[in-house]
Structures are given as C-alpha cells and as structure tokens.
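Q: Those protein sequence lines, which keep their order, are chains A and B.
198 is the number that the numbering used here gives to position 155 of the first sequence; each next residue is one higher, with no gaps.
702 is the number that the numbering used here gives to position 82 of the second sequence; each next residue is one higher, with no gaps.
By construction, these hints were calculated from the structure, which means they are not laboratory data.
Note that CB positions come from ideal geometry on N, CA and C, so glycine has one too.
Treat the hints loosely; a few may be bogus.
Said to hold, decoys possible - Okay, the calculated beta carbon distance ranges per label pair: (1) A:Leu72 x B:Thr628: 27 to 37 Å; (2) B:Ser1000 x A:Asn199: 38 to 48 Å; (3) B:Pro1043 x A:Trp70: 49 to 59 Å.
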Amino acid sequence: MPVTDQSAAQTEVTRRKFYVAMIYGLWSLIAAALSIPAAIYLLIPPKLRKMPEWVEAGDVSQLEPRVPVEMVFRQNRVDGWKIQSEKTTAWVVKLSDGQVVAYGPQCTHLGCAYHWDDNRNDFLCPCHTSIFGVDGAVISGPAPRPLDRYETKVENGRLLLGPLHQSKEKA
Amino acid sequence: MSWLDHRTGIETAIRNFLYEDIPASSGWHQVFGSIAVFLFLVQAFTGALLAFNYAPTPGDAYNSLRYILTEVAGGHLIRGLHHWGASMLIVVVVLHMTQVFLYGAYKKPREATWMVGVVLLLLTMAYGLTGYLLPWDNRAYWGSVVATQIASHIPLVGPYMSRLLGGEGAIGVVTFARFYGLHVLLLPPATGVLIATHIYLVRKHGVAPAPGDEVKSVKKFYPQQAFKDTVAIFAAFVVLFVMAAAVRVPLERLADPTDTTYIPRPDWYFLFLFQTLKFFDGPLAVVGSVILPALAVLALLLAPFVDRGQVLRVTRRTAAFGIVALALAGWAGLTVAAIATTPKPDNTVAIDYGAPTDWIGLSPQELAGVGYFRKENCASCHSLEGKPSVGPDLASVPIKKSAAWMIAHFKHPAAMVPGSSMPAIQLSDAQLNALAAFLLKLTPRNAEALSNAPDFALQAALLYQAKSCGSCHQANGVGMKIGPPLNGLARRRTRTWVAQHFANPEALSPGSFMPPYRFSQREMDNLVAYLFTLPD
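One chain only, chain B, in its complex shape:
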C-alpha cells in the first residue's frame, strides 16, 4: 500500500469504484448514464470559463458575451461547447431514460434510482430555461417572457411563482439576477448532490441484470465496461466539439422590449410544450401550460409502480416499445408543427452580432465602397488578410496615396503604376470615390470586420448613394444637415413609419420637402433595416 493510500485511502476507494461487480449482460446499451455525467462536467467547466468574462446584469451581459465572441481568443469555441453541450445533454439524458424504460430496469428495488433520475431530467430542463435568458439578446428576452408568463398562470401558486422569478410586470434586472443565480448557484450543487445520490443508488442495487442473468457469473466494471463507456463518451465529445467549432450560434441584437415584430420561440427541446399551449384557449390554457406537463412528470415518476410485473427480456417488452414510439411520435409531431408554424424570420436583413460589426460605423459612402469592392470582385486579385495574391494586399500596408490618385489609378491602372495588369474599373466618378474612401479606411485590424458587412447593408448603402440621401441627411457623421440626422432613427421611429414615410413624406411629416420615393419591397427592407443599424 502506498504512502498516499495509507493516509487517505484514495487508491482503495478508486479501486473499489472501478472493480464494481456488474452483470455479464452489461454492454453498449448502458453507456448513456456515463455520457450524461461527462457532459454535465463539460457544462460546469465551460460555464465557469464563460463566467470569467461575463457580467451577469442586463446592462452588461450582452456586451460581455459579444466581447467573448468577437475579441476573446477561443471564446467562440467555449461558448459553442456550452451552447451545444446543453442540447446534447438533454438528448443523452432522454436516451438514458429511454434505455432504462425499455429494459424495465426501474423495477423493484430500483424505483428510487429512477425517481431521482426524473428529477435530474427536470433540473436539466431548468438549466435550459434559465440559461436561455443570459445572452440578453432579443431571442433570450422574448423566449423568457413567454416562460415567466406560463409560470404566472399556474393556478394558486402562479402569482408567487412570478414573484419568485422576479417577473412581475416585466422581465428586468431582478428576473435576470434570479435566473443567473438559479443557473450558476442553486442548480449546479443540487445537480451534483442528485447525481451522487443517483450513482450511490445504482451502486447499492447494482446494475440491473437482464432476466436470467441474475445467477450468471458477474464481471468487473473495469476495464471492459469502462472501455465501452470511454469510447461512447469520446464519440459524443467529438460530435460536440465539431458542432462547437463549426456551427455558429448566432447572437441577435440586444434585447428590445419595445420590438413588436419579434416572434418569440423557446429552444428546440421546449418547442413541443410551446406547441401544446396552442391547443388550449381561454380558461383551458392552464391544461396545456400546467396540467398536462404535471401529469407527464407524474406518469414518469410513477412508472415503476405501474409497471410492476416480472422483468422480461427487452425484446418481449412490446408495450414499453409502444409507449416510447408513441411518445417519440407525439414529441416529433408537436415539434415539427411548431417549426412549421413559425413564420420564417427575414434572415436576409439579420445581423450576426456574434461576429465583429465594425462596418456599422462606416459612412454610407464607405459602405457603398465595400459594395463596389465585392461587386467588382476585387478580392480575386487583392487580399485583405495578408494572404499571397496577384495584386498588392490592400490592408496589411496602409495606403499612402490620395483619393484622387486612386481614382485615376482605377480608371487607367497602367498609367499610374507602369506594368500593372489590373483592368480598368468601369464605374462612375462618384462610385470610384466611394471605393477609394473605403480602401483608405482599411487597416490590418479592421479589414475583416469591415469587409464582412452583410449584403443587405451593402445594397442599402449603394441605394443610399444612388439616391444621394447624403445631400440632405447625415449618417455616421457624413452628409448634410438639411433633413434630420439618420443616426438614432431606430429609437425615434418604427420600421413601418419609415417605410410609409418614404412613399409619402408630406403625409407623415407635414411641411417636409423630402421627395417621395418608390422602392421595391426588397430595396425597402434592405434600406430600412440598414438605417435601423445606424448607432445612436
């Protein structure tokens, strides 16, 4: 016995844990519990890392998350792991329960193990509910408004629930603090204690054997089953890691309680509940929001007391398979219906705030320059990221020429740079001016952030230039002040108002001498969305 073991007994404890006797029938179907514990630990780890750069108040939450996503090294990956880990945990916990249910492994004497497991499922969902608010973007805000409203409609305890969640009246600083407190202070230790209890009960009763296996020789957990658990955990981790690295989790704009156009949706695993609500109107609403979910939880808790017969081979448990198939079909049907009835959000004018948005600070002229840069396909010869390219890199070395020189060069490249193989650019002087203005703004630091401007904004800036809006209006400090400045428009007016104003300015602003404009629907959407991105 080693020195350490003599003092602490740790090695003996680990050995006792690993060399647990398990039934000979154990195998791949029993790996899900281990994956769930692993994913919970990944959530705790990535959650702690996020908390190191996150300020849990509505004023700062959004900006600090943007900071994590756009400035902190590896921030995107850590947030991706936490975001997709949450979804994956739900999937794995449900698979774990399904396996136990199909095999009838919750039967006497393992009822308590199962019931603790049901509570753990509810806790997992509680993380999803409370964590959803924390990014404090529009999606988070509106999704949580719906959740707190449901809680407030529970008969008898509803008002107390909404008081507990701080959601009386509206979601604000108090609700946010409560959700965050639940998410990081109350739920994790509760989960830890329940997982420990769950595992203790599994150890106390032993892993459930297959029927007829009770008398057969047992084997040890280590190394064969430990190997299977490890392979399964590794496979799950690879899927999680690839999703975190490759699938972007968009961050929407800052929560806007006055946004009447937003269509709130909960995360995918709550969509079936969300859809259930639609079937019950008026006084019956409580059936969908509270009674049915409560009955479902009760049914889960009591399942081992209802299904009390002899343990059968899994292949002979047709009723159990039927119930699982029914539940799956019901869940899938509701989820698909919820997705199908969600009006398609207009992604063409959406901005991903999880990426740098420095282009928002460009003047319309400079932004139109980005548009010409993209339209004329300049990037096929000129790199902006220091990669080798045919023409000179336009970002890594600051351009020391004047705008006039650049315009002359655009028109007759070889005249200004002898031997240049660049073709002349066929654009008007004003357009070349815009292109030069953008290129003069480039630095190695902002090249990516400026050139990733979304297409709708570029189209809008091109239109803005074409219609010479700048001869009367100021945007981002550029343009005349004959008409009102356009920064802060989002605060002053609604989108509908702006769209109607374009068609008939005089009607909405009496005395205005702005001419009416006719735009296509696409042009109007682009332009209004762009004007609304202009900072205050």
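Just chain A, same shape as in the assembly:
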C-alpha cells in the first residue's frame, strides 16, 4: 500500500527533523549557559574593595613656581586579592597662577618614565622623545594627550593626592 508507506516515510522525516532540531537547540543552550557566565567572569571588573583615599605626597610650601619636583611616596593599591603598598612618584609643580598640580609618572604615549630636563625646561620622555610643557601639555612627539593629573588638595602646606585622571583633551 503506497499511501501508508509514504506516510511512514513522512513520519520518519519529521522525527529526524525533530531530533536534529533538539540536538542543535539543547547544545546551543548549554553553550550559552557556559559562555555567558565565563564572559561575565572574565570581562566585568571585580567589585572594588575601597575607595582610594587621599595619600600624602610631601611638603609643597617651599615649592618654587614652574620648577617641577619629583615626589616619592607610598601608596596602597588594590591588586586582585591583595593590597600592595608600593612606592609611587609624582611630578609636582606650582604653576604661575599658584595652583599646585601633580602629574602621573608615566608618559601618556606608551607608559615610559619621563623626567624633567633642567636645560630645556620641559618634560622629556626618553622612549619616543615626547616632550611636555611644564603645564603638562604636549609640545611635540607621539604622545596622544597631556600628562595625566592626580586629584590634589593642599592642607597645611602638605600635598594630598587622590586618584589619577586622564586628561580629556587631545594633543
């Protein structure tokens, strides 16, 4: 009887389609249930344990205007499951308007340590010769933005540093 044969074959095809759809569907669900948590685990930054506190960098009462000084201080940094106490430096300078600013110690190009060149009166990065003015602005070289600045406040002549901020302006 060709009719029943045909319907049996039809059923077989439907069943096969169902199996294949289920195989793909269930494996997709498993893959999603494993890969989404994995992506969250790896990509979402961990909860920060503490707000960064103000750190004392040193005495700025004797600072001469427009002469940067490298200040070295200890700072606690949350590093994964540890809190590291590490030596940090900041270039501190009193600008013409009397404002005291503190620059992060790394060149904004690729993170090399720059230094103050007394002869040129500029900040000079030895890696790719980026040059920054005393106000942190890029004078020449590949640096993409001015020097990063710490949040600062001065209490009784002592300089307190907050978090380091990237400058928004372009070079």
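Fit chain B to the supplied structure of chain A, relying on the hints for placement.
A: Here is chain B on its own, set in the frame of chain A:
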C-alpha cells in the same frame, strides 16, 4: 566536497564519527558515558577559568579563592560548577560502570575497554583527592592530612609515597605544589589520553549489542542516539547549573595547623573508605587503608575475566544485580555510618568566608548597632540595598546628620523630622549610640557586607556592650587600654583558656583585676567565637 574538507578531511571525519553503526537495541541506558565526557569537559573549562584568578600557593590560595567568591563577577557560579561538577562526575562515572556491569557489556572482546574505564574511575577520584586541598581552608587542610597519612602507611612504598606527595612531616608548600601540579598538569592530559583510548576501543569493538541483537539490523548513532545523549546531557547540565547557582559551597576559615578542635572529614564520596578505616586497629590498619581498597580495584579490573559466560539478557543477570545491590548497600551503610558518627559541627558560630566579611572590621559598638538594627526590625521600613521602602534608604545616600541628632530622632522621630511616621525606638542611650554609630558607617558599597554579620557575632557584640568590656579592653581600635587589647587573641590563647579565664581571671592571669563573669554556654560560645574573629 567542500574546500575545507578537501584540505583537512574534517567533515568526513565528523560524518564518520556520527554515522557510526550501533545495535538496534541501543537506547537510553547507554547515555552515561557521553554525560561523563561532557562533565569532564565542563570541569576542564571551569577549572581553567578558576585558574585565571587563583594563586596556587598556600600563602595566596585562600585569599585568591575568597576574591573569586566575594569580588569577581560570576565567581560564585564558576566555583559552584567546578565543585558540584566534581561530585556529579563521580556519580555519573559510577552509573556508567554499573550499567556496563549489569548488561555484561565488558565481556569478550571488550575487556580492555572496561579496564581502561576502571583506570578512569581511579583518575576521577584522584582529581577529588588533589582538588580537595586547593581551597586551603581548614576543611581542605585537615582532610588532606588524613589522605597523605594513609598514603604513608602503605607497606613498603609508604615512605616513598609520602615523599612523592611532599607530605613528610606536615602538609606545606611542597605538598600543595604537588597536589596542584597533579590536579592541573598531570591528571588532565592522562585523562584525555585514556578517554580517547576508551572511545577508540568502543568504536573498534562497536557498542555492545543485547543478546540476540547481533544479527539484527543496525542503526546509525546520528541522529536518534545522539538526540538521546543530548537530552541526557542537558538534563545533567540543568541539575548541575541549578546546584551551582543555588547551593552555597561554604569556605571555612584559613587552614590552621594548630587547630586541635577541627574534625577532619573527606568529601562525601570518600566517606565509605574513611569509615572502613575505623574497623581496623593497630597493625591491621593497613587492611582498611590499603589492602581492601586494592582488592576492590583488582576485583573491578578482573571482573570481565571472572564473568566469562554467554552474554545473557540483562533481566536474567540476577547475580550481577545481586552484586550491585550488595555494593550499593555496603557503600550506603558505610557512608551513613560515617555521617552519623561525625560530631555535629557547631554551625551557629561558623562564618562563611565565601561571603563578604567586612563586618569583622567593625568595632563592637558598631556591630552591636547592627544587632539593634536587626532586633528593632528597622529593615521592614528602611532598605539598605536601594530598594523602594517606606522610610528613607539608609545606605544609598550618606547620612549627613550627627550622632546626637540621630539619637534625638530615634527618641522622638516626628520632633526632628516633621510628619515622620516612624515609631520611637525604646532603647537606652548607650544602645541608641551604638545604632547611630553603625548607621554612620554605612555606604552603598559596604551595606550588604556589614549587615550580613552572623547572629552569633551580633549576640556577642550586644553582650560585649552590656558588660562594658570596652571600658578596659580595646577591640578593632575602639576601647580603653587598661586590659590587654583583644585583637590577636586567637593567636595568643586557645578557646578553652579564654572560657576558663572568664570564669576566674585571677587563676589564669595572676595579678589580673578583671572581675569574673558567668555566662550561659550559648553566650560563652558566641563571645569566644566572636573574640577569635577579631583580626590580628
């Protein structure tokens, strides 16, 4: 043929794999092997993820695991998957073996497939043994002490075994490194090779047919059996995922080799072995620790050579069912006996270090404030998590009022905030002071971590305040320094000493003018446990 297949042959290989001929009798009873392979891959995947945030040395392991559990997004789930996946893998591997055993599927010519499977079972257990140490909490440390001691008592090779495991004398950095190395470097490739061998042998001999089925027409693995395997794997995965998400795996306190009160227990699947040890004393101990387990493994390995008759229908293999029932009863009996004889740990003074424990840094006064907050049911009107509530959220906006203002407000709410419907709080000034001190400490970041302080600590802090311990002692930087500071007490004294000291200070510290205190057993447990949580 596609471009890729022409170059690599990958599509043909996959097709050959999926369109394997299997007996027409194949079905749901043969899904366990696939689940086991799947779970092994889940373990490898979650294990690698854990390793990305885990430092495998005793100094850092515990802290990095705490970091995974309390700070890394999704860390709890990943660790849960790895932890429960391990248990589930053991269950599934045993079910797989049981099925093969019941059906007599290990008979000629499939003996080698079975024997490789037995080795894979042992490897699965080796993961459990080595992985147990890695959290480096008290449970891990003491459980592994027992395991390495057993290994060192094996006749002849015992000393070499303990040298290999680095467990000579005590468990330390060397043992830890060896366990970690085994767990992540040696066992996984060994398992991979053996699984490949196992599957190769299954393919070589074909899936075992039911008796009488040998001549019947065969079917293809794909898609019908592949569908059944997929559904079974999915079901197992759902169970695993729900357990990982819902069942907390507690992290105990940091491994303490000097803790004489700890009752070591292995993971549940080793409890039957642990219980067996209790039946053999003195020189016979080796029977329970080595000889019986070795005989059991030997019996498993040789099973296909002992049971050599014609393959029978599974329903007619009564002896096999008898053996499985006997093994199950023996295992269950030993496990239940082990659980029954385990002294109940005092959970009321246990801290789950898998959750944030910032409350440990609070002063006793502030902690008592948490106690009043809970006792006065403040949370019924004031949210701490930014949820909508009747009264203002106390954590999301920093409180800018003084403690004096808050105390006045607690006493006469409407007088300070006109129109407030808050009822006056009936507490003494000192108690209101504590409540204000806690509320002033709240930030959105720490609200959850501070308010999840366990009950025993709150009770202890309330007692501490009631007895004015702070008039003589300093705790977490608050209090007078007439008596010794209480931070670091856990390092200096034992719990028993502290409890006896409360009853009669003069007897234990001659010259002390601390008055004696009488506490109920509950109060004493709470207070001593709390004092021992104070950080160094």
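Q: Next step is simple, just say for each hint if it's right about the structure.
A: These are the hints, each one checked on the structure:
| no. | hint | in the structure |
| --- | --- | --- |
| 1 | A:Leu72 x B:Thr628: 27 to 37 Å | holds (29 Å) |
| 2 | B:Ser1000 x A:Asn199: 38 to 48 Å | holds (47 Å) |
| 3 | B:Pro1043 x A:Trp70: 49 to 59 Å | holds (58 Å) |
When held up to the earlier numbered hints, the structure conflicts with none and fits them all.
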